[in-house]
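Q: Chain by chain, the residues:
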Amino acid sequence: EPEVTQTPSHQVTQMGQEVILRCVPISNHLYFYWYRQILGQKVEFLVSFYNNEISEKSEIFDDQFSVERPDGSNFTLKIRSTKLEDSAMYFCATTATGVKNIQYFGAGTRLSVL
Amino acid sequence: EDQVTQSPEALRLQEGESSSLNCSYTVSGLRGLFWYRQDPGKGPEFLFTLYSAGEEKEKERLKATLTKKESFLHITAPKPEDSATYLCAVQGGSARQLTFGSGTQLTVLP
Numbered sequence: 218e219p220e221v222t223q224t225p226s227h228q229v230t231q232m233g234q235e236v237i238l239r240c241v242p243i244s245n246h247l248y249f250y251w252y253r254q255i256l257g258q259k260v261e262f263l264v265s266f267y268n269n270e271i272s273e274k275s276e277i278f279d280d281q282f283s284v285e286r287p288d289g290s291n292f293t294l295k296i297r298s299t300k301l302e303d304s305a306m307y308f309c310a311t312t313a314t315g316v317k318n319i320q321y322f323g324a325g326t327r328l329s330v331l
Numbered sequence: 117e118d119q120v121t122q123s124p125e126a127l128r129l130q131e132g133e134s135s136s137l138n139c140s141y142t143v144s145g146l147r148g149l150f151w152y153r154q155d156p157g158k159g160p161e162f163l164f165t166l167y168s169a170g171e172e173k174e175k176e177r178l179k180a181t182l183t184k185k186e187s188f189l190h191i192t193a194p195k196p197e198d199s200a201t202y203l204c205a206v207q208g209g210s211a212r213q214l215t216f217g218s219g220t221q222l223t224v225l226p
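Residue numbers (my numbering), protein chains in the order written: chain A, 218 to 331; chain B, 117 to 226.
Read the hints as simulated data drawn from the structure, not as lab findings.
Every residue, glycine too, gets a C-beta built ideally from N, C-alpha and C.
A couple of the hints might just be wrong.
[Stated by the list, open to error] Here are the computed lysine-lysine pairs in the DSS-like style, where the Cα-Cα straight-line distance is at most 25 Å: (1) A:Lys300 <-> B:Lys185; (2) A:Lys300 <-> B:Lys184; (3) B:Lys158 <-> A:Lys274; (4) B:Lys184 <-> A:Lys317; (5) A:Lys274 <-> A:Lys259; (6) A:Lys295 <-> B:Lys185.
[Said to hold, decoys possible] Not everything, but these chain A residues come out facing chain B in the computed CB check (under 7 Å): (7) Lys259; (8) Val260; (9) Asn318; (10) Phe322; (11) Gly323; (12) Gly325.
[As the list claims (entries may be wrong)] Label-pair restraints from in silico Cβ distances: (13) B:Gln130 <-> A:Gly289: 46 to 52 Å; (14) A:Arg297 <-> B:Lys173: 37 to 43 Å; (15) A:Gly289 <-> B:Gln221: 26 to 32 Å; (16) A:Ile319 <-> B:Glu186: 19 to 25 Å; (17) B:Glu133 <-> A:Glu276: 37 to 43 Å; (18) A:Leu256 <-> B:Glu186: 24 to 30 Å; (19) B:Asp155 <-> A:Glu235: 29 to 35 Å.
Produce the entire structure from the sequences given, and follow the hints as far as they go.
A: This is how it looks when you write it as structure tokens:
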């Protein structure tokens, strides 16, 4: 069964460092999303991406965050200067075109900012 | 602003003891209500999507229903492997983003 693949599974970084989280979407899916889940809290939407541009973003997604699809297969989330409060699970999700809008999630990347 | 409230926060059942999880929502123009299962340290796993009041979906021991204000996830004769956190999410208006509830942590004891 096709699945969304995220790497790395766990990333440890020092405060102020840049991190890049990677996602390989399900083949032929065209809509991509990033969500995060701080330990013990709700899953929160960060950003959606379609046709090589951001289509929606939340208040969380400030200038420290960016997304891109560098090579037609990977979808990345970059955090320029990490803060302690960025520690969370980050999930990538993808959707095929069409009316069902079902989002399929990857296993996530656990980001620990020290 | 879309809002989703799930209850109870946690539920412990004996194997075979049926029950229901509740998801109350407020959304402008519901496009879809989604149920996901999340195991510890994993990503949400899609279970069901419901689009209009009165709709029902079933999968093995799970059945999801939808009204104009809430959705229920009914679990019939649960087994220990059904233990997980069950998440409800809505998609409303023209947005594609999902708004999640806090989830119900289900534990099924053998």
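Q: Each hint should be assessed against the structure and marked as holding or not.
A: Against the structure, the hints come out as follows:
{"no.": "1", "hint": "A:Lys300 <-> B:Lys185", "in the structure": "38 Å, violated"}
{"no.": "2", "hint": "A:Lys300 <-> B:Lys184", "in the structure": "41 Å, violated"}
{"no.": "3", "hint": "B:Lys158 <-> A:Lys274", "in the structure": "23 Å, holds"}
{"no.": "4", "hint": "B:Lys184 <-> A:Lys317", "in the structure": "19 Å, holds"}
{"no.": "5", "hint": "A:Lys274 <-> A:Lys259", "in the structure": "17 Å, holds"}
{"no.": "6", "hint": "A:Lys295 <-> B:Lys185", "in the structure": "37 Å, violated"}
{"no.": "7", "hint": "Lys259", "in the structure": "5 Å, holds"}
{"no.": "8", "hint": "Val260", "in the structure": "4 Å, holds"}
{"no.": "9", "hint": "Asn318", "in the structure": "6 Å, holds"}
{"no.": "10", "hint": "Phe322", "in the structure": "4 Å, holds"}
{"no.": "11", "hint": "Gly323", "in the structure": "5 Å, holds"}
{"no.": "12", "hint": "Gly325", "in the structure": "5 Å, holds"}
{"no.": "13", "hint": "B:Gln130 <-> A:Gly289: 46 to 52 Å", "in the structure": "51 Å, holds"}
{"no.": "14", "hint": "A:Arg297 <-> B:Lys173: 37 to 43 Å", "in the structure": "42 Å, holds"}
{"no.": "15", "hint": "A:Gly289 <-> B:Gln221: 26 to 32 Å", "in the structure": "39 Å, violated"}
{"no.": "16", "hint": "A:Ile319 <-> B:Glu186: 19 to 25 Å", "in the structure": "21 Å, holds"}
{"no.": "17", "hint": "B:Glu133 <-> A:Glu276: 37 to 43 Å", "in the structure": "42 Å, holds"}
{"no.": "18", "hint": "A:Leu256 <-> B:Glu186: 24 to 30 Å", "in the structure": "28 Å, holds"}
{"no.": "19", "hint": "B:Asp155 <-> A:Glu235: 29 to 35 Å", "in the structure": "31 Å, holds"}
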